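2 protein chains.
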Amino acid sequence: MANKKFYGLGTTLSPIRKFFAYGLEKAKEVGAENVYDFSIGNPSIPAPALVNETIEDLAHNYDSVKLHGYSVAAGHESTRRAIADNLNERFNAGATADRIFCTCGCNPALIITGKALAESEEDEIIVLAPFFPEYRVIFGASGAQVRVVAADERDFQINFGELEKTICKNTIAVVVNSPNNPSGVVYTEETLKKMAELLKARAEEYGHPIYIIADEPYRELVYGEVKVPYIPDIYANTIICYSWSKSLSLPGERLGYIFVPPQCEDGDVIYACLRGAAREVGSVCPPALIQKVVEKCVGCEPDLAAYDENRQLLYDSLTEMGYEMAKPDGAFYMFVKAPNGDAAAFSEKAMKEQNLLVVPGTGFGCPGYFRLSYCVSGDMIRRSLPAFRAMIDSY
Amino acid sequence: MANKKFYGLGTTLSPIRKFFAYGLEKAKEVGAENVYDFSIGNPSIPAPALVNETIEDLAHNYDSVKLHGYSVAAGHESTRRAIADNLNERFNAGATADRIFCTCGCNPALIITGKALAESEEDEIIVLAPFFPEYRVIFGASGAQVRVVAADERDFQINFGELEKTICKNTIAVVVNSPNNPSGVVYTEETLKKMAELLKARAEEYGHPIYIIADEPYRELVYGEVKVPYIPDIYANTIICYSWSKSLSLPGERLGYIFVPPQCEDGDVIYACLRGAAREVGSVCPPALIQKVVEKCVGCEPDLAAYDENRQLLYDSLTEMGYEMAKPDGAFYMFVKAPNGDAAAFSEKAMKEQNLLVVPGTGFGCPGYFRLSYCVSGDMIRRSLPAFRAMIDSY
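Chains A and G are the protein sequences, given in the same order. Heads up: the first sequence at position 256 corresponds to 256 in the working numbering, and the numbers run straight through without jumps. Heads up: the second sequence at position 199 corresponds to 199 in the working numbering, and the numbers run straight through without jumps.
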């Protein structure tokens, strides 16, 4: 007398959560300073000062009824206008408030987009390994089939040989997550152009559009000279899903949006479908106070120095020890090759013998790699290095 | 190349929104003081002072990374414990944190509950007219059939003759919304006991539980000596959905919960299914700052004096003019009989001739009645009385 599928989903702990939970328990036993937890992607730098100043100001000075009242379903028009203005300044995006739909975080943004596009269970949405494990639930919610394209383990750009074989007449969308969770890799302009050509040719062949769903919460988390290309400039039929979880360090506040760019085919129809799908998941009128905060802080930039220091320290230390990984240019993740190719065994051993918590890549579609989240303290990284050394020495 | 069902949902303006939007436009033309808008259920009393004080204090003094970081999917344990303690104090509910699942408002709470209970499209969820029109979308999302039981227009308690005919072996749940939107009626203990007996007998006959889904955002909005019975004391298989939208005047902040009481059959299984269904709608880790606010303010009581004054003024004035309605003991709605029984025509005429915005009951399952939301200023009510008078005189 209850839904079996959801029982399964509700009782399966994600591998990320499993390691995280172990760490919390272990810390009670051996002390938090002796547990090296690289499992979770919770930002470790505080929100920009303006965020908390704005919250205080609004709570103190703004009319409470207006501040905490319902916005319209898509979010306050003033908030959507501020988002559009910011996109236009940065990318000359041609964005307008009526093509932005604010959501309770990026997770429902992706769910809503999948549901808006999918019409039947024959439809297929392609995800590119390595990918965020929850994608199976997120895009599965649309009723479409989720198809996985294996990773190109040379550089974690796109495996075009596999992608060409996987796209078919049932393909309605390809999910692009760059900067990527878990690899930290940023897709190059060359990669995206090659994908755009392939999708255009296939869309023409099949007689229907194939959309890119761009999952971009890490867009602003990019280091050095690397640039994240603006995908609609390369491929018109792109729908962008975003949140401020990472860029403003507000993951708990659940505010994101979907943007249907003007160049997107059937854009008005898709936007209407988003509105409808949002009703079915109940992600309407997202958190009102935080909308007002983002309206004011949309131009704030994250302070990336701490992440970048962590990235350099960890990358240099681990590669010097002999670990192999693709160059992590963005987000706050590294995806490291397990010394003997079995990341599940490596992760278990690291946890049990070294109190070192990393997440095996199995759920990400790459069982030979493990993920490190380096949104942690530099101190912890330094303390953890002997554990990494002991691990690789044991192989 | 997009989902037709969602296109329909996304392009259909709710009747409530239609009248509300007309009012906004009309106000530009004739002045806001000459539009009498009773269409929307947005609380008009501010949040208790402690709410905004707590927000300021947290933004100023609390660690930003912790404040705005992800909570676990079900919400902070400390928040859920505070909710459980409050339920236990007030209702001796036997509540524990591990049976409370916090959601992004009551809307996803209801969607998640429907999905958790429904297994096939033969399953049926019963809603009792008059009902919140969005129930069709909310419970339809589960894939189950939504069955409507016609209203008992004598007093807007439950129409047991119709309910008895509608419950069948496919019935998995009955939705109870008391204090009721749109009637403002509170179901009596007698009504609920009668329903409990009926459901128990049928559950036994069919060999499976029939759940009550108690949609209770208006629980604290009740006037005079009237009490809202605590349903799990009357019927064990009750699942409670709640939000602070109305009681703390925080509708825009999107925080609610689902509570599976200890006496509920298969409660652990249902709770696990809720967890799973929440993943499929992406309503996980609800707004973190507001969780902390509720943790502190869960015992705050709404200042009902303003609503009560409005209620008395409107009820006395309208009944004196000859309008008929059931006694509105709770929420901030009245459900008034259209003078000639055609509320759609009445509402159109009131809008066009008097700038008086009321919502016809068609979508609520009662086409002979219109809804008034009296969460407005007392001044507006006084100014609107001649318009109500002119309307009834014209029949």
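Please keep in mind that the hints were generated in silico from the structure rather than gathered at the bench. This structure is a prediction, so every number in the text was calculated from the model and none was measured. A couple of the hints might just be wrong.
Chain copies aren't distinguished; within one or between two, either way the pair holds.
Listed below are the simulated EDC-like cross-link pairs for lysine to aspartate or glutamate, each with C-alpha atoms no more than 16 Å apart in a straight line [what the hints assert, rightly or not]:
1) K337 / E324
2) K4 / D268
3) K296 / E190
4) K169 / E205
5) K4 / E119
6) K5 / E119
7) K4 / D123
8) K4 / D266
9) K4 / E121
Verification of the hints:
1. K337 / E324: Intra 5 Å, inter 74 Å, cutoff 16 Å: intra-copy only.
2. K4 / D268: between (37 Å within a copy, 13 Å between copies)
3. K296 / E190: neither (35 Å within a copy, 52 Å between copies)
4. K169 / E205: Within one copy only: 8 Å inside a chain, 50 Å across chains, cut-off 16 Å.
5. K4 / E119: between (24 Å within a copy, 7 Å between copies)
6. K5 / E119: Between. Shortest inter-copy distance 9 Å satisfies the 16 Å Cα cut-off; intra-copy 21 Å does not.
7. K4 / D123: Classified as between; 14 Å across copies, 24 Å inside a copy.
8. K4 / D266: between (37 Å within a copy, 13 Å between copies)
9. K4 / E121: Between copies only: 14 Å across chains, 19 Å inside a chain, cut-off 16 Å.
When held up to the earlier numbered hints, the structure conflicts with hint 3 and nothing else.
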